[in-house]
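Residue numbers (my numbering): 2 to 83.
Certain hints may be false.
[Said to hold, decoys possible] Estimated spans, in silico, between C-beta atoms of each pair:
(1) Arg40 x Ala68: 47 to 53 Å
(2) Thr80 x Phe59: 29 to 35 Å
(3) Tyr38 x Leu71: 56 to 62 Å
(4) Lys31 x Val65: 54 to 60 Å
(5) Thr5 x Arg40: 22 to 28 Å
(6) Ile75 x Arg45: 54 to 60 Å
(7) Ala68 x Lys33: 56 to 62 Å
(8) Phe59 x Ser28: 54 to 60 Å
(9) Thr6 x Gly47: 15 to 21 Å
(10) Asp12 x Phe59: 36 to 42 Å
(11) Thr5 x Tyr38: 18 to 24 Å
(12) Glu49 x Leu78: 55 to 61 Å
(13) Lys9 x Asp36: 23 to 29 Å
[Said to hold, decoys possible] Here are the simulated DSS-like cross-link-like pairs (lysine-lysine), alpha carbons at most 25 Å apart as the crow flies:
(14) Lys42 x Lys9
(15) Lys32 x Lys42
(16) Lys42 x Lys31
Don't read these hints as lab results, they were simulated from the structure. Think of the CB as a built atom: it goes at the ideal place given N, C-alpha and C, for glycine as much as any other residue.
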Amino acid sequence: MWQTTTIKGLDEALAELQRAIESLPDSPVKKKLQDRYQRLKNVRDGLEARPPTAWNPFPLLGTVLLAILLVCVILHLGTRER
2 MWQTTTIKGL DEALAELQRA IESLPDSPVK KKLQDRYQRL KNVRDGLEAR PPTAWNPFPL
62 LGTVLLAILL VCVILHLGTR ER
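Turn these sequences into a full structure, and let the hints steer you where they fit.
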């Protein structure tokens, strides 16, 4: 989905940003920047994660229809005249 050059460029930019943040003196601004950097890093890590697979309702639907058919056959056999 993403080109490797795009991911590589993003990784390089994040590494450069982290070095710049680490070079700052301790302050509230540095803490805010570290928090924002961590959020960016989490987003970047999520780019390579595979999306969750969609739930497929057809096996459940088939099982329910088969159960209904079985009940109908049993009722038919049980209520027919001999």
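Self-check item: Restraint status (C-alpha distance of Lys42 to Lys31 at most 25 Å)
Solution: holds (16 Å)
Quiz item: Under the criterion that the straight-line Cα-Cα distance not exceed 25 Å, is the pair Lys32, Lys42 satisfied?
Solution: holds (15 Å)
Quiz item: Lys9 and Asp36, beta-carbon distance inside 23 to 29 Å?
Solution: For Lys9 and Asp36 the Cβ distance comes to about 25 Å; the hint holds.
Quiz item: Does the Cβ pair Glu49, Leu78 satisfy 55 to 61 Å?
Solution: Since Glu49 and Leu78 have Cβ atoms about 57 Å apart, the given range 55 to 61 Å holds.
Practice problem: With respect to the beta-carbon atoms only, verify the hint that Thr80 and Phe59 lie 29 to 35 Å apart. | Solution: Given a distance of about 31 Å, which is inside 29 to 35 Å, the answer is holds.
Quiz item: Range hint 56 to 62 Å: satisfied by the CB atoms of Ala68 and Lys33?
Solution: holds (58 Å)
Exercise. Could you say whether the range 22 to 28 Å given as a hint is met by the Cβ separation of Thr5 and Arg40?
Key: 23 Å Cβ-Cβ, so the 22 to 28 Å window holds.
Practice problem: Could you say whether the range 15 to 21 Å given as a hint is met by the Cβ separation of Thr6 and Gly47? | Solution: Holds - the Cβ-Cβ distance for Thr6 and Gly47, about 19 Å, lies within 15 to 21 Å.
Quiz item: Between Arg40 and Ala68, does the C-beta distance stay in 47 to 53 Å?
Solution: Holds - the Cβ-Cβ distance for Arg40 and Ala68, about 48 Å, lies within 47 to 53 Å.
Quiz prompt | Pairwise beta carbon distance, Tyr38 to Leu71, judged against the given window 56 to 62 Å | solution = Check passed, 59 Å falls within 56 to 62 Å.
Quiz item: Does the Cβ pair Phe59, Ser28 satisfy 54 to 60 Å?
Solution: holds (57 Å)
Quiz item: So the hint says 54 to 60 Å: do the beta-carbon atoms of Lys31 and Val65 match that?
Solution: holds (58 Å)
Violation of the numbered hints given earlier is absent; every hint is satisfied by the structure.
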